[in-house]
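S.K.: Work out the full structure: start from the sequences and follow the hints.
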Amino acid sequence: MPDGSERLEPLAGGWKRLGIVAVGIALAVGLPLAMGAGLASAGDEPARDLMPEKGAGKTTGADSRKEVADSREISMLVRQLGDPLYAVRQRATKRLIEIGIITQPQLTRALDDDDAEVRSRAGQVLTHVVEADFQLRLDAFANDLEGRQQHTLPCWGRFSQQFGQDKVSRMLFVEMQMAEPAMLEALESNPKLAAELFSMRTQSIHQSLQFPMQNGTGQPAIALGTMCSLLLVSTADGVTVNDQDAEKLLNLIQRPAFERNLAGNVDSEILKKMLGEWIVHNNSPALAHPNFYLAFKHDLKEGLDLAIKVLRSEGVGQLQAMVRQDALLAVGRFGNHEHIALV
5 MPDGSERLEP
15 LAGGWKRLGI
25 VAVGIALAVG
35 LPLAMGAGLA
45 SAGDEPARDL
55 MPEKGAGKTT
65 GADSRKEVAD
75 SREISMLVRQ
85 LGDPLYAVRQ
95 RATKRLIEIG
105 IITQPQLTRA
115 LDDDDAEVRS
125 RAGQVLTHVV
135 EADFQLRLDA
145 FANDLEGRQQ
155 HTLPCWGRFS
165 QQFGQDKVSR
175 MLFVEMQMAE
185 PAMLEALESN
195 PKLAAELFSM
205 RTQSIHQSLQ
215 FPMQNGTGQP
225 AIALGTMCSL
235 LLVSTADGVT
245 VNDQDAEKLL
255 NLIQRPAFER
265 NLAGNVDSEI
275 LKKMLGEWIV
285 HNNSPALAHP
295 NFYLAFKHDL
305 KEGLDLAIKV
315 LRSEGVGQLQ
325 AMVRQDALLA
335 VGRFGNHEHI
345 ALV
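In the working numbering, the protein residues as written are 5 to 347.
Simulated from the structure, these hints should not be mistaken for laboratory data. One or more of the hints may lead you astray.
Said to hold, decoys possible - Straight-line Cα separation of at most 25 Å, SDA-like style, residue types lysine to any residue; simulated pairs:
1. 301 <-> 166
2. 171 <-> 151
3. 277 <-> 140
4. 305 <-> 254
5. 301 <-> 120
6. 313 <-> 342
7. 305 <-> 328
8. 196 <-> 171
9. 196 <-> 152
10. 277 <-> 325
11. 196 <-> 172
12. 171 <-> 120
13. 277 <-> 337
14. 305 <-> 240
15. 276 <-> 264
16. 313 <-> 264
17. 277 <-> 170
18. 277 <-> 287
19. 171 <-> 194
20. 301 <-> 325
21. 276 <-> 258
Unchecked claim - Estimated spans, in silico, between C-beta atoms of each pair:
22. 242 <-> 153: 49 to 57 Å
23. 325 <-> 142: 43 to 51 Å
24. 166 <-> 207: 22 to 30 Å
Keep in mind that this is a model prediction, so the values were computed, not measured. Where is the CB? At the ideal position from N, CA and C, for every residue including glycine.
M.R.: Have a look at this one:
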């Protein structure tokens, strides 16, 4: 039975579909996540009627549309979302989905329309065009492992600056985008929202591991892309992680499957760098002992930074004996003669 992070489909696939849309809408209009995610049909037609025909999502990219729409046509179509005739509403819905991502600004404004039907259908269409556009950009990025076409995705600049731009880095980043697009999109534009998503995600995973039979599938495997996304978010400037959520992530880090990735995967050096960043950024007293454990086990020199912080803290005399001992061991292992004064 899987027991940790593996190269599998992301845990709870519905999170990905819901998340990228919810964050896209929330970032656009400033709605709380629950409101952005809760857009549903207000009409009397079944929700499936709003779905595009098979293959329609593939035509949303600007370079693949068969017809070019101007702002006047989009504005007219958005108004028709509230037309008294069902056939007119359906036709406008499908045409907006066909036009694609350039409809996003007007659809976003329509989320505040006085007409509940317009609001509902605008949310449905926005769901499709945002997700389809993201998938097109993800495919383009994934098919350009040399980086020659300069494709980018949310947080790629941050990730590549810290962990490189080679093929291994790009492939891992694609896994992260596939697993947690919502969290990475939020991190790019709204760190506070990213912190909320981080908390929700760690709690969701923790609950699924505690009560594995609730979903009828047993204990789930956690995608490596999810683990790396959580690590990236938790070490970003502007993101605050409380000790309770941090301990949940530490529990996931210490699971055997993730440790196997650290030991013998092509990504192992990147993963170790991510753990080093974790130790530097999440160094509260409550996390000190498990972070020292990570440093010793995986030979992470960032353990010295943590040791210096611990030994220089004003309350050093009140520190737990175990943590102080960890700090001294870290100085002995990772430090040099310049650090003797700390002992």
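S.K.: Of the hints given before, which are not true for this structure?
M.R.: 3, 5, 8, 9, 10, 11, 12, 16, 19 and 22
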